[in-house]
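A.B. asks: Chains as they are written, first to last, in the working numbering: chain A, 1 to 230; chain B, 1 to 230; chain C, 1 to 230; chain D, 1 to 230; chain E, 1 to 230; chain F, 1 to 230; chain G, 1 to 230; chain H, 1 to 230.
Just so you know, not all the hints are guaranteed correct.
Stated by the list, open to error - Incomplete in silico selection of chain E near chain F, CB under 10 Å:
{"no.": "1", "residue": "Gly11"}
{"no.": "2", "residue": "Arg24"}
{"no.": "3", "residue": "Ile100"}
{"no.": "4", "residue": "Gly126"}
Said to hold, decoys possible - Just a few of them, taken from the derived set where beta-carbon distance is under 10 Å, the chain C residues facing chain B:
{"no.": "5", "residue": "Pro10"}
{"no.": "6", "residue": "Leu15"}
{"no.": "7", "residue": "Phe17"}
{"no.": "8", "residue": "Lys19"}
{"no.": "9", "residue": "Arg24"}
{"no.": "10", "residue": "Arg27"}
{"no.": "11", "residue": "Cys28"}
{"no.": "12", "residue": "Phe35"}
{"no.": "13", "residue": "Lys39"}
{"no.": "14", "residue": "Ile47"}
{"no.": "15", "residue": "Gln49"}
{"no.": "16", "residue": "Asp53"}
{"no.": "17", "residue": "Ser175"}
{"no.": "18", "residue": "Ser184"}
{"no.": "19", "residue": "Val211"}
By construction, these hints were calculated from the structure, which means they are not laboratory data. Even for Gly, the Cβ is constructed at its ideal location relative to N, Cα and C.
Protein chains: 8
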Amino acid sequence: MSSKQRGSQPGFTDLGFAKVDLDRQQRCGNAEVIFGEGKTAQQIISISQVLHDAGQPILVTRSNLEVYEEFKTRFPKAVWHEQSSIITGQPLKLIKKKKIDIAICAAGTTDLRVAEEAALCAQFWGLNVQRHYDVGVAGLHRLLNSMDAIKTARVVIAVAGMEGALPSVMGGLLSQPIIAVPTSVGYGVGQGGQAALHGMLTSCASGLTVVNIDNGFGAAYAAFRIIKGS
Amino acid sequence: MSSKQRGSQPGFTDLGFAKVDLDRQQRCGNAEVIFGEGKTAQQIISISQVLHDAGQPILVTRSNLEVYEEFKTRFPKAVWHEQSSIITGQPLKLIKKKKIDIAICAAGTTDLRVAEEAALCAQFWGLNVQRHYDVGVAGLHRLLNSMDAIKTARVVIAVAGMEGALPSVMGGLLSQPIIAVPTSVGYGVGQGGQAALHGMLTSCASGLTVVNIDNGFGAAYAAFRIIKGS
Amino acid sequence: MSSKQRGSQPGFTDLGFAKVDLDRQQRCGNAEVIFGEGKTAQQIISISQVLHDAGQPILVTRSNLEVYEEFKTRFPKAVWHEQSSIITGQPLKLIKKKKIDIAICAAGTTDLRVAEEAALCAQFWGLNVQRHYDVGVAGLHRLLNSMDAIKTARVVIAVAGMEGALPSVMGGLLSQPIIAVPTSVGYGVGQGGQAALHGMLTSCASGLTVVNIDNGFGAAYAAFRIIKGS
Amino acid sequence: MSSKQRGSQPGFTDLGFAKVDLDRQQRCGNAEVIFGEGKTAQQIISISQVLHDAGQPILVTRSNLEVYEEFKTRFPKAVWHEQSSIITGQPLKLIKKKKIDIAICAAGTTDLRVAEEAALCAQFWGLNVQRHYDVGVAGLHRLLNSMDAIKTARVVIAVAGMEGALPSVMGGLLSQPIIAVPTSVGYGVGQGGQAALHGMLTSCASGLTVVNIDNGFGAAYAAFRIIKGS
Amino acid sequence: MSSKQRGSQPGFTDLGFAKVDLDRQQRCGNAEVIFGEGKTAQQIISISQVLHDAGQPILVTRSNLEVYEEFKTRFPKAVWHEQSSIITGQPLKLIKKKKIDIAICAAGTTDLRVAEEAALCAQFWGLNVQRHYDVGVAGLHRLLNSMDAIKTARVVIAVAGMEGALPSVMGGLLSQPIIAVPTSVGYGVGQGGQAALHGMLTSCASGLTVVNIDNGFGAAYAAFRIIKGS
Amino acid sequence: MSSKQRGSQPGFTDLGFAKVDLDRQQRCGNAEVIFGEGKTAQQIISISQVLHDAGQPILVTRSNLEVYEEFKTRFPKAVWHEQSSIITGQPLKLIKKKKIDIAICAAGTTDLRVAEEAALCAQFWGLNVQRHYDVGVAGLHRLLNSMDAIKTARVVIAVAGMEGALPSVMGGLLSQPIIAVPTSVGYGVGQGGQAALHGMLTSCASGLTVVNIDNGFGAAYAAFRIIKGS
Amino acid sequence: MSSKQRGSQPGFTDLGFAKVDLDRQQRCGNAEVIFGEGKTAQQIISISQVLHDAGQPILVTRSNLEVYEEFKTRFPKAVWHEQSSIITGQPLKLIKKKKIDIAICAAGTTDLRVAEEAALCAQFWGLNVQRHYDVGVAGLHRLLNSMDAIKTARVVIAVAGMEGALPSVMGGLLSQPIIAVPTSVGYGVGQGGQAALHGMLTSCASGLTVVNIDNGFGAAYAAFRIIKGS
Amino acid sequence: MSSKQRGSQPGFTDLGFAKVDLDRQQRCGNAEVIFGEGKTAQQIISISQVLHDAGQPILVTRSNLEVYEEFKTRFPKAVWHEQSSIITGQPLKLIKKKKIDIAICAAGTTDLRVAEEAALCAQFWGLNVQRHYDVGVAGLHRLLNSMDAIKTARVVIAVAGMEGALPSVMGGLLSQPIIAVPTSVGYGVGQGGQAALHGMLTSCASGLTVVNIDNGFGAAYAAFRIIKGS
């Protein structure tokens, strides 16, 4: 690689392959999160080092066990969260306040990978999480059974693949903010999550908002933006 | 136009621009139905004449008032059904048996155009029709309120645009055959009915079947095939 | 039309072509809003009558002047809002509190049709609205000039067509909830709003949420859900 | 994972990652079927245990040999059906009534994977199955040769990839219900089954219904819904 | 318009807005044909004048009555062919040889617009045309009834909308070259002719070739290329 | 409309519905151009007034005759350019230098609408334009005949609809910058210009760049950026 | 597997998983060809045995070396053709007539896999083949250099990936039948061959016909249909 | 393989599987570059040999380590550039002029693979390269910090995946030519780079041009065309 200015700049540190954004927490409320997909273990470690040196917390999404093995040689306290493919720089301290902040609902068992990405990120940022999994509309009684609990939440995240009908039904029963997360679960015309995404965007229920397919992280971040300002 | 053999052939009558299929009723259970879109009034009348001469009933779908005006100069008893854009050769005799055969459910008011195409065709073929309109999932109590009646039907047709979640919810509550009809109602990613179609095909409820977007006629025909063999 | 039970039911009134949902306000926080597209003037008036008789406010979106002319013969106080194609049952009382609730930002002049749908709905539900129009990223100084005001808002709605980059840039500068609304403004690959929609869903800024193309109403409703719970 | 209520609930058993729907048989006519794709062997075994304890039959679709090896250590009577990738909790008892219920037709040899999924599910639910394989329209005499047998069936399932013309031709020759199943067999524009799906949905034959690409299970379930009510 | 060299060039005449290709007949076997869509009447007349002055025949496709009215003030012998939207510079002399060259088959009445474009172009270039219209696969006996005649043709053009299954069935019954023409007839997923196009391209019958949607002209030209070289 | 700060701001003038960017010329080399589509005549006039008052030139693209009629009541010297649907605030002074700057090539007559948008914009910004129209690859001698002239240009703009092969062929014959402009000319799979766009993006010729479908303005602007820096 | 009638039927042999079409040669001119993709080695061998016993030639496309190894234990004379992934039952006898029948042109080296599938199939059916490879339009002189030879061919097959411009250019220079074969060569918007396919279908050259992406076999078969009838 | 003329031809060398274009440098300014994807190591070496024998430089893109290992046995001075997957026939001599020619900007770390393909190709052709990596719009201060340097460049290449907003923002701040390169970085609706591509084509900033997804080579070539003519 060639002639590039590296080192500290106003608001970021330049590593050549990355300019780590150190004042994001101040601007947006949360420190930079490392999106692991497509980055080498060494790149992830270098970025983490910058965050660590600046006293900021480390959260790596879309990672894998192999990266983690290399990662923990440098950050021995780091923890691997298998279901959500997340590395956190420190073990997660779960909050046990009475008031529950977010209800994360998932339509089916295969949606858990995405739901847990949302749940873990939310917990990392200090939010309390209710989990309601496998409450898809094909067995409505399972959803209705959880409804009293869900109504106490400040924000609802509804995760679903296939036709993605779960947020539509919830939207007609609740007055809270609902963030819909389509997943790539399904096959045929549902493959890739487009059917769920389009279903959520065209929902007959009013006032749902939607994030990208499989973007559990983004849903948690959006919930954080809502709760932070409350 | 050129050298073509016209007139009666085994099983059909050749008009040059059309070969009217006169033994379809015997093969498939129903006489040929005239799909009006893209045909001139004169073509529709000529085909109708062949059916009439063969003693078969006349049903024209996807027509319009202008065609009807010309049509009734030749077939004065013909009736125009505005909401479904259908011409029938005769006024429809509604069946009032106790046993109800088909329940036609529509998610919203703007889906009625399609639902009524299904309803009218079904009635034309001698089936009894329950109508449950505006029972979309955004107000679940409206659907649940109709559920006892729907459970008595032999076949259910579920019509919905936008995200098309209605058949998914019904599929989890019923054991009858459910024919899902996506409609082109909606805008943005839902425009054209693709979102509803894909949602119905990837439904988490088991054993739904689907017809083309806005194809109320086809859904009624499929219901007829089921009931005829019962 | 046929044998249907009409009249009052638990929680809704059945008009045959529509089941007006009278307890939606209680469940979801806002009364039913009439989506005008594809409904006849007469259907809109009948539904409005039910809402009016139940003491609920009337809001019709995606309407047109012709419908309005017929509408006001029945509801003489109704007002036509041209830029947003909205009918309200009553003149809108604008709130002039000091605290501003929503900032609605639009990238270009041709996005105003959608931005004003959001703005008017929000005002109808009692929210205060800042308007920042024509702040697209091609002239960044225009957006930066409005930033101090926008930072005081509780929720931000960012409306953009074409490539839809506005919410991405705002997402990196703000910590509030941001609801991105793609519009169908553009041509070529942007036609229909798909490019803006996809751009917003894949934004490099974290925690944006998105609604359907041109869905100003839905964005306002989502903002209402957030503010109502604050 | 966190604070979740597990155990028996009205109508389902909560395993945390799944809420097994125990009254589906009563509502929809068939017990819950386990969709194997994306579930771990351990998850499949846990769900099967719940069904088994409730005296319900076990059927796992889209599984693989590796899962089966682990599965049979817990359920030693379980059988692996290779061509359809299905695990059944018990060996299948084939019905040999005179009256044949379903005719399953497949256009080509490579469609058998899907056709057999349909056939096996149907047999699992007690239906009798005729198999007519490799009867695609490129050699019409093969199909016509089977037609007398097919006409005796109560329901027809027509499985085809590539252009998916088989159900169109059959629709013009039969009066029974026909459930069309597009398969992902093909390449180029046919890849993924979209061409077959769209062909079946736009068929010139009347009253066909369609399920998702490769959804042999769904077709069998739809046939079951029809026959159950006959 | 600006500084452009107009007038005669080697092999073409430059009109500024068009360079009329005068040696195409020599290179490709047929004189330039004027594609009428998007050209003004005046542009069409100017190009026709160049062809006329060079002693070449005039054929305008995708035209309309309004253009024709203006056209015939300059070329009084010109003829308007309504069903195919074609203008020919001279009345067409139909060839009545015994040997029939092309069989043009159309699946339905609404496909005639395209079939007649093919038929008229073929006749313009001196080919003899058999017409077999409304022989879609939903009534197979109609097609089979024409099969003896079709087998005598040198080339077959098969025109179909919706699922476009006609060429697949014909491909399995014939050994001649078959040119498949998808049409934009249909609605829902078939709208625009994509379903027919994809069906024809993925046909299970071997050795079909396909032209663009609604391209009757192109199919006739391809047939001409085949016959010219025989 | 509501409480908005209007009037002069640093670098722009705020009209409420538009913030006219007055220092764009300094930043990007050209003054703001008014995209006429979707703007009212009154909006266009107001924006033009701001530009005029700031001593900047007025160029309106994608306009129409009706807007122009209203426009010239305020700006009597304004000129309507029909083929390109452009309004210029002043008559265009054509430059007659010897050195030719841009060669604009169009594949067919129906592509002229787009080619002329490019040509007029380029001339408006002081560039000299060669026009080579109807040089599509179906008659290669027409293109080769123009090649000597084209080779003298500093930048080449290649406009083509349908399959868009023109820039590929030119790319293999020239060493200059080539900006490819796909047009929406065509039908069937070419409709909308997607086929041409994709063909240009995947060209086997190296170093072509592409703008949006029908974006003649953008191509001219890109050419301007290149020439300005030479 | 279950109760199926196997054995000889009129015109085909039923193997249960396949009905081998033995009179295809009589109907369509060529014996059944085995499409290897998705079939097991054992299925391919069984079908080949039926063809062999009927004295028909064996041709397997889309196969692989592993299948061939098993295949030749049963048919020791069988030959593996690596570049085209074809197995022939016998070594190919190349025809060396003076008169050349087919010219197969390929735009680039990576298109050879498809071009060779066409070439080998054509040779298998007794046609003589010219090969002109790497004659893409980015270096027009390479194509023009081959043009004299190509003009002597009876039929031309033009194979190209990426933007697929080769057949367009050839169509303007030749009067023979041209069969265009898009390939899946390319990346980005060209990935999968859609760009090439669409380009060929919308070609500005008249009378091209097109087959499915990568379908070299189909192009050869279409050429065979043309030549057989000459 | 069969009867093909190999060896030297006017302007190219025929290897049978490839016709190496030896006068491309003269026509287009740069020698032929070998696109490695889909070519065997042996094919790449043979083509390289022809270039080498003609005294032309060797550049292989989209290669891999395995090919390189075989390649260097024949060309021992060849160098493998891992991040860009490029082989150069010789070590690259970096130019250290004062005047910087190209600024290559990348939005994120995972876009470097594409950015480096552009950078290396540009350096291979003698251009000087500035690198500005990880300057995506989510942290605008990082981009603004580099702006003074970027303004000195003759041409700007802007590489971005996901929503691809970087070139839009840069287009509003710069007057140079900007070549936008979408990358396939992202997931969900961004997968494959379509969202970035469409965003760049519909950018609200004027005069951007775009190349195919991941086409760093093409962007560098386009920059070369611009600079060569300056």
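A.B. asks: Evaluate each hint against the coordinates.
C.D. replies: For each hint, the structure was consulted:
The closest approach between the C-beta of Gly11/E and any C-beta of chain F is roughly 5 Å, which is under the 10 Å cut-off, so the hint is satisfied. The criterion of a C-beta within 10 Å of any C-beta in chain F is met by Arg24/E, whose closest approach is roughly 7 Å, and the hint holds. Interface restraint check: Ile100/E against chain F, minimum CB-CB distance 29 Å, threshold 10 Å, status violated. Against a cut-off of 10 Å between C-beta atoms, the interface hint on Gly126/E is violated, since the closest Cβ of chain F lies about 22 Å away.
Here the hint on Pro10/C is kept, as its CB sits about 7 Å from the closest CB of chain B, short of 10 Å. Satisfaction of the interface hint for Leu15/C is found here, the shortest Cβ-Cβ separation to chain B being roughly 8 Å, below the 10 Å cut-off. Among the interface hints, the one on Phe17/C holds; its C-beta lies about 5 Å from the nearest C-beta in chain B, closer than the 10 Å criterion. Proximity of Lys19/C to chain B holds as hinted, the smallest CB-CB distance being about 4 Å (cut-off 10 Å).
Hint status for Arg24/C: holds, given a least beta-carbon distance of 7 Å to chain B, under 10 Å. Interface restraint check: Arg27/C against chain B, minimum CB-CB distance 8 Å, threshold 10 Å, status holds. A cut of 10 Å between beta carbons decides the hint on Cys28/C: the least distance to chain B is about 9 Å, and the hint holds. For Phe35/C, the suggested interface contact is upheld, since its CB lies about 8 Å from the closest CB of chain B, less than 10 Å.
A cut of 10 Å between beta carbons decides the hint on Lys39/C: the least distance to chain B is about 6 Å, and the hint holds. Restraint check, Ile47/C versus chain B: the minimum CB separation of about 8 Å is within 10 Å; hint holds. Hint on Gln49/C is violated. Least Cβ distance to chain B is approximately 14 Å, over the 10 Å limit. The closest approach between the C-beta of Asp53/C and any C-beta of chain B is roughly 18 Å, which is over the 10 Å cut-off, so the hint fails.
Against a cut-off of 10 Å between C-beta atoms, the interface hint on Ser175/C is violated, since the closest Cβ of chain B lies about 28 Å away. For Ser184/C, the shortest C-beta to C-beta distance to chain B is roughly 8 Å, which falls under 10 Å, so the interface hint holds. Given the 10 Å rule on beta carbons, the hint for Val211/C holds: about 9 Å separates it from the nearest Cβ of chain B.
When each numbered hint is compared with the structure, violations occur for hints 3, 4, 15, 16, 17.
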